[in-house]
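**Student:** Given these sequences and hints, build the entire structure.
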Amino acid sequence: GQNIDQPTEMTATEGAIVQINCTYQTSGFNGLFWYQQHAGEAPTFLSYNVLDGLEEKGRFSSFLSRSKGYSYLLLKELQMKDSASYLCAVRGVGGGATNKLIFGTGTLLAVQP
Amino acid sequence: DSGVTQTPKHLITATGQRVTLRCSPRSGDLSVYWYQQSLDQGLQFLIQYYNGEERAKGNILERFSAQQFPDLHSELNLSSLELGDSALYFCASSKIGTGVSHTIYFGEGSWLTVV
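Going down the list, the protein sequences come from chains A and B.
Position 43 of the first sequence, counted from 1, bears residue number 28 in our numbering, the numbering being contiguous throughout.
Position 89 of the second sequence, counted from 1, bears residue number 273 in our numbering, the numbering being contiguous throughout.
Hints in this document: simulated from the structure, not taken from any laboratory.
This one's a predicted model, so the numbers in the text were calculated from it and none came from an experiment.
Ideal Cβ positions, reconstructed from N, Cα and C, are used throughout, including at glycine.
Hints should not be assumed to be uniformly reliable.
Beyond 12 Å from chain B on every Cβ pair, some chain A residues (computed) [claimed, not checked]:
id : residue
1  : Thr(-4)
2  : Phe48
3  : Ser52
4  : Leu63
5  : Met65
Distance condition first, Cα-Cα at most 27 Å in a straight line; then the derived DSS-like pairs of lysine-lysine [said to hold, decoys possible]:
id : chain 1 : residue 1 : chain 2 : residue 2
6  : B       : Lys279    : B       : Lys241
7  : A       : Lys42     : A       : Lys66
8  : A       : Lys66     : B       : Lys193
9  : A       : Lys42     : B       : Lys279
10 : A       : Lys61     : A       : Lys42
11 : B       : Lys279    : B       : Lys193
**Tutor:** Set out below in structure tokens:
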């Protein structure tokens, strides 16, 4: 089976740093993705980890520990526009060349002034 | 703009009816995915096609079907619609393989309201 867990909601202050955690249990693993989704809009790709460690991309960083089934997304210098849902997704190992992503339910982040 | 095009953007229809949602993948992407997002649920994987063939199936109802045509566009057919089918339906596309270059990119979605 596959299970991906994230906190449902988080609140943070403009200019601060926030860490959104994701734990996963999947039958196979071929990469972990983070997407940002504003209400009613398409998810947009933020980051990708397949090896253990930290990947940094501007104000956003993502960390992966495969042995612990754990990832986090770190957002620095928060801006009001960062208020959105953040989706953790795992790409499994499947036969027949499938790249499908399995998503967690997402973390709704509210950035306050 | 992800390069994935979906039509229609909004659709209102009655219970029992049938609708077709259309998707054009990004240029060069052979794989198309369909996801459903309801208010109380996250993104649920429905089905994947690769170069015209079904590759993976998720929690897709028997009332739903999809296909991918030779020009690589895809259609999702929803029939005998129920109120609970009201949701945002996303199409996504990717190249096949591992690595960040094979990231899945999403279209803007089709809002379906069943009344």
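**Student:** Which numbered hints are broken by the structure, listed smallest first?
**Tutor:** Violated: none.
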